[in-house]
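J.: Residue numbers (the numbering used here), protein chains in the order written: chain A, 8 to 182; chain B, -9 to 304; chain C, 1074 to 1501.
By construction, these hints were calculated from the structure, which means they are not laboratory data.
C-beta: ideal position from N, C-alpha, C; glycine also.
Wrong hints could be hidden among the right ones.
What the hints assert, rightly or not - One side of the interface only, derived from the structure: several residues of chain C facing chain B at Cβ under 8 Å: (1) G1114; (2) A1121; (3) T1192; (4) A1193; (5) I1195; (6) E1281; (7) F1327; (8) A1328; (9) S1366.
What the hints assert, rightly or not - Label-pair distances were calculated between CB atoms; the ranges are: (10) B:G96 - C:Q1373: 48 to 56 Å; (11) C:Y1338 - A:A46: 50 to 58 Å; (12) B:K101 - A:W57: 48 to 56 Å; (13) C:G1369 - B:K92: 55 to 63 Å; (14) B:G141 - C:T1379: 43 to 51 Å.
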Amino acid sequence: MKSILVLLERVVGVLSALATALAALLMLAITGIVGYGVAMRYLFNQPQVWSDELASYLIVLVVMLAIAEVLRRGEHISIDLLVERLGARVRYWVDVAGMVSVIVVAGVLIVSGWDMTAFSADMGIRSTGYLAMPMWLPQATLPLGFALLGLAALNRLLRLLTGLEAPRETGGHKS
Amino acid sequence: GPLASPVQAQEKMRVSHQLPPAHHIAKLVENWAADIEKRSGGKIDVEVLGSAQAFKPDQNHPAVARGQVEAAMAVNFQWGNTIPEMNVVTIPYFMTDLERIKKFPGSEAAKLLEGKLMEKGVRNVAWLYTTRQSIFTSSGKPLVKLDDFKGVKIRGLNKLVDAGLVAAGAAPASMPGSEVYQALQTKVIDAGLTDVSAAYSRKYFEVQEFGTVAPFFTVYFHIYVNPKWFDGLSPDLQKAVLEASAQAEQDSIGVTEKTAEDSIAALKEKGMKLHIQSAEEVKTFTATMQPPVMEAFKASSPDAGKLIDLVNKL
Amino acid sequence: MTLAWILIGLLAVLLTGIPLFAGMSLASIGLLLAVEGRVAGLADEVFAKLSNYLLVAIPLFAFMAHVMIKARVVDDLYALAHTLVRHWPGGLGVATVMACTIFAAISGSSVATALTIGTAAIPQMLRYGYKPHAAYGVLAAGGTLGILIPPSGPMVLYGVVSDTSIGALFVAGIIPGALMALLFSLYCVLHSLLTRQTERPPRASWSEVWPSLKRGFWALLLPPIVLGGMYAGVFTATEAAAVGAIAAILIARFAYGRLSLADLYDAARDSVGTTGMLFMILAAAAMFGHVISVLGLPRQLVEITTALGIGPITFMLAVMALIFLLGMFLETISIILITTPIVLPVMLLLEINPVWYGVLLTINLELALITPPVGMNLFVIKGITGGAMGPIVRGVLPYVAIMLATLFLVLFFPELALWLPSTMALGR
Ligand code: NA
Ligand code: NA
């Protein structure tokens, strides 16, 4: 059992770190794409009609790649002003409840996201913009991202329940 | 809305659309909804969810096809790349003739498009003619001759129509609708392209000195319903929906023509210097702007050529 | 009434301390199940909300700010402000407000502003005998300028939801933001004169001022590039964010020589984390907003307004009071996404200028950041100092009054917000 948990932790750790690294590179790419669009329009009078649409899909991808690692770092905002006055025992159960709710929410969005993606694929829906993007492609990032998030939450939940990890002192308030 | 009627409503019909309440087609939809309630003797309770409050434009199609709402109204642009045939109405100077527009509902051309919509899981009930009066807006110099478009950064419409603008030497740019006013004001772009009533409601006259009114493209909003829901209605209720819809199609023509006229007058009153394209200018612009778009349209799907023939018969 | 119960329920869920996005999503899922018996289309709601080009500005502005933080220019900025005004009565407070104002013109986030300036400023202020509560107050409040002085994440979000030009909103925030900074500074000076409690550092000599001016210069260049380019029509608000980020990279690398490739990657990764955190709240608030519209609350508000014959000023006062109350408990993103769709139809009906409303909303959101019990900037200061909440809350109270005063000024003199954007047409 322990070895499975250790393996899970390693798998989730590597996956979310890789995803975040990819997201960071995409962030640089988005900056470049939007900047390129400005330069082409302002300096060369050649507006690029594809850049804004591409940037908007890439940002969804960035978010979906990032959320699991944000969870692992405990940086999702929570209102812990009541909890921190109560004891460690309460903090533990709040942390457990938090992970369970993340798993439920991720589960709903995986199913719903899959529905959305499958509908777009079946109907051949394309974006109204200049890219004429087959919508299932950017939409598929949603179930994927939430699967990763759910996995990270499940991992933490199991570690909390088996005592491998302690609840956090306070939630993140970073921005 | 609830109708003062002793009859208990049997069917709820929620209609999602993106237009603000003041838009002439939004008002038409309110009338259409009341008409359905009346014709159904209060058995259908129609609830109009405007201003994209229930669903964003992109979500209307899946929401209706899945039955989250019974109906929605979309603009033809929404289908642009999913049902390429839908772009037929935006081909420059092609469907902007009022006689064609009057004959369009119920025509073979409309039926072809309705078949395409059915394949995507929604049943069309009404084609609401929304505009055929476009306006090219600018500051500094008016866009009267084709040469005036050379090197002008103009907000484009879609990939297809932009081919026509490029043929005139313009440089189409893309931009979210909410940013266009500011972009015109600060000259991020040089020119705007929209319909006359939007030019007024979006207050382009505050930041653009000139406007050239042209029968450039046509826009339809159309109402579609969930097929399963519709098939489940009793025949008399189906009839109520279809008859109210046919009436709305007829009404849209007068309302839209009047709105365009009023908008042109209002833009003039606000001090915008308007030029209305002459028949001669229309001919010149058509010759340059239509062919590349027509060619691209015909290449966009196997049925596109057939649709062009059908529209030509109107 | 329904709305009140729903909000109370939501608050109860959130106060348990589970992650905010999960709590809000769960509440939405539960309500949707109760109302419609199913949860179809939630992912569509989330995707539609997140895949908006205009929102790209938020991560890009965050990236720009993270680059500047990595290049350690914040210390320079604070040092500059400090050498300029430290000898004034209340000079350290004024320096903090100045540093916050400058950083606000680089960052779109109030939390980031309070966090970065706070780390540099709090030790200094305490060292020179500033009362802790006074130091915490000026920092928490000064930090909120981050969202009123452009760029501003909340303004981007409001612009997206209400279909209002983000460029116009940004420019409209400049004068109220500067006014508020001025009032904050004035308060610091007056407070110091009246209490005669703070010991003042000596005036900085020119040989001290000059090097810190030189160090701060390049960082001071960034806001004019971003705002000037937008004002002059070189680019739109979203594009300004990308250009700003690129300019920040160039300045950090070549003017300061402080940005290695590893730093650049770290800045990108930090902004990605910020984005993931913010956009999950956005996604959850989108679901919650959807439920509220499914319940028909926006329409009910229109009907009530029409039936009672409520005028614009009464309506605005009522809405501002409501948002102030919500602001005590909710954070900014949720407030924008929950209230805007409800308020918008009435705004259209009463012909209320959406840019003006956007500025008032933003000032109210600034208040939300420092009003107890839930105020993100209060938490930030608490995080930096590790101290108790009491002195922080005591410290911000005068600033709450100043911000309310600014809110009323802009409410009764809309030109404070609307004049500057109206001049953007000067090029004609
Ligand atoms: Na800012
Ligand atoms: Na608060």
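J.: All the hints need checking, so say for each whether the structure fits it.
T.: Hints, one by one, checked against the model:
Satisfaction of the interface hint for C:G1114 is found here, the shortest Cβ-Cβ separation to chain B being roughly 5 Å, below the 8 Å cut-off. Interface hint status for C:A1121: upheld, as the beta-carbon distance to the closest one in chain B is roughly 4 Å, under 8 Å. For C:T1192, the suggested interface contact is broken, since its CB lies about 36 Å from the closest CB of chain B, more than 8 Å. Interface restraint check: C:A1193 against chain B, minimum CB-CB distance 35 Å, threshold 8 Å, status violated.
The closest approach between the C-beta of C:I1195 and any C-beta of chain B is roughly 39 Å, which is over the 8 Å cut-off, so the hint fails. Interface hint status for C:E1281: violated, as the beta-carbon distance to the closest one in chain B is roughly 41 Å, over 8 Å. The interface hint given for C:F1327 is broken, as the beta carbon of that residue sits about 28 Å from the closest beta carbon of chain B, more than 8 Å. The criterion of a C-beta within 8 Å of any C-beta in chain B is not met by C:A1328, whose closest approach is roughly 27 Å, and the hint is violated.
The closest approach between the C-beta of C:S1366 and any C-beta of chain B is roughly 5 Å, which is under the 8 Å cut-off, so the hint is satisfied. Between B:G96 and C:Q1373 the CB atoms are about 39 Å apart, so this pair departs from the stated range of 48 to 56 Å. At roughly 23 Å, the beta carbons of C:Y1338 and A:A46 sit outside the given window of 50 to 58 Å. Between B:K101 and A:W57, the C-beta spacing of about 34 Å breaks the proposed range 48 to 56 Å.
Against the hinted window of 55 to 63 Å, the Cβ-Cβ separation of C:G1369 and B:K92 comes to about 37 Å, which falls outside the hint. Distance hint for B:G141 and C:T1379: a CB-CB separation of about 49 Å, consistent with the stated range 43 to 51 Å.
The earlier numbered hints that this structure contradicts are 3, 4, 5, 6, 7, 8, 10, 11, 12 and 13.
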